[in-house]
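**Student:** Single-letter residue listing:
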Amino acid sequence: MLEDLSHHILDIAENGVNAGADAISIELDDGNEYIRLTITDNGRGMDEATARAVVDPFYTTRTERRVGLGLPFLKQLAELCAGKFLLSSAPGAGTTVSASFSKLSVDTPPAGDIPSTLLALLIGHGHVSWKYVQKYGGREFLLDSDELKEALGGGQPFADPVLALGVKEYIAENIGELYT
Amino acid sequence: MTEEKKKIRSLDDLRKIKEKTGDLTSARSEQDKVKIIIGMGTCGIAAGAREIMNAVLKELEVRNLHNVAVETTGCIGMCQNEPLLDVIRPGEPRITYCAVTPPDVSRIVSEHVVNGRIVQDKLFGRAD
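In order, the protein sequence lines correspond to chains A and B. In terms of my numbering, the first sequence opens at residue 446 and continues consecutively. In terms of my numbering, the second sequence opens at residue 33 and continues consecutively.
Bear in mind the hints are in silico, worked out from the structure with no lab data behind them. Hints are supplied without guarantee of correctness; some may be wrong.
[To be verified] Far from chain A, by Cβ distances over 10 Å, these chain B residues were calculated:
hint : residue
1    : Ala81
2    : Asp118
3    : Arg139
[What the hints assert, rightly or not] Cross-link-like lysine-lysine pairs, in silico, DSS-like; alpha carbons within 25 Å at most:
hint : chain 1 : residue 1 : chain 2 : residue 2
4    : B       : Lys48     : A       : Lys576
5    : A       : Lys576    : B       : Lys65
6    : A       : Lys580    : B       : Lys67
7    : A       : Lys576    : B       : Lys50
8    : A       : Lys580    : B       : Lys39
9    : A       : Lys594    : B       : Lys90
10   : B       : Lys48     : B       : Lys38
11   : B       : Lys65     : A       : Lys580
12   : B       : Lys67     : A       : Lys594
13   : B       : Lys50     : A       : Lys529
Quick reminder that beta carbons are idealized off the backbone N, C-alpha and C, glycines included.
Construct the complete structure from the given sequences, taking the supplied hints into account.
**Tutor:** Laid out in structure tokens, this is it:
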């Protein structure tokens, strides 16, 4: 239902926001054999029992919608693609979700529209310090939302359509550059 | 629009855009702005909310509308009606549109955001 990695990133990153994080980093390491995705937040974290339960699609707590179906879907996808899924978390210590996907697997999804995902996160949660790193072929692109805000004059610049589309183009150009 | 558009590659390129648009955006206070809010929970994302957000930004840019703020919200429990898009004009009630597609966005912006006329056939909760 979530067709590529960029949709998963948007979904999983929202979990961090809902857990009260004010700093979230996302790394997409496009390696030779595996694509590795790591999302780390400094939110409230989970105890061991909860961390184990959230990857079960039948785990539902209607009152506390900490996690929807997002994590089980990502876990299932990584395992389908001969990769690994790892979730580490502790109360008060944030959460790290990592998933890898073998490039040899036909089921490994494309990265998808990363610029749109990042823009949606910047627009939706401008108060969070976002860091995004994409690595490929020994090069990397780093996006730092605090730097972006500073360049755009502070406040919530991403709400303005012209600036938002400018940021999207900036991200797309720099990611494209990695692959040239 | 005949001049060749320079690609935006660096933070400095972004600073230049900010300089150009700066006085337009700061001229209006938050209360005077029309708000467009897009549902971006798991359900919204799966239904194409991110593409709706792109369509909204594009439409606002094309129409050169600077008095509109774009925001997102999480799941509000009406997952089967996603993508949901709300419009709030200053001093008017919040209007929710459902099952929004990119072509609907241009109608909602021109009819409702600009002219204040609600797009009846996309209104949430209508039986037909």
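**Student:** Hint by hint, note whether the structure agrees.
**Tutor:** Against the structure, the hints come out as follows:
1. Ala81: Check fails; 8 Å does not lie beyond 10 Å.
2. Asp118: It holds; Asp118/B is separated from chain A by about 14 Å at its closest Cβ, greater than 10 Å.
3. Arg139: For Arg139/B, whose nearest Cβ neighbour in chain A is about 17 Å away, the distance exceeds 10 Å, so it holds.
4. Lys48/B with Lys576/A: 23 Å, holds
5. Lys576/A with Lys65/B: This hinted pair is violated, its Cα atoms lying about 29 Å apart.
6. Lys580/A with Lys67/B: 36 Å, violated
7. Lys576/A with Lys50/B: Measuring from Cα to Cα gives roughly 21 Å; hence the hint holds.
8. Lys580/A with Lys39/B: Answer holds: Lys580/A to Lys39/B is near 22 Å, not above 25 Å.
9. Lys594/A with Lys90/B: Satisfied, since the Cα-Cα distance of roughly 21 Å is no more than 25 Å.
10. Lys48/B with Lys38/B: Given pair Lys48/B, Lys38/B holds - Cα atoms ~11 Å apart, limit 25 Å.
11. Lys65/B with Lys580/A: 39 Å, violated
12. Lys67/B with Lys594/A: Between Lys67/B and Lys594/A the Cα gap is close to 21 Å, so the pair holds against 25 Å.
13. Lys50/B with Lys529/A: 42 Å, violated
The structure fails hints 1, 5, 6, 11, 13 (numbered hints given earlier, in ascending order).
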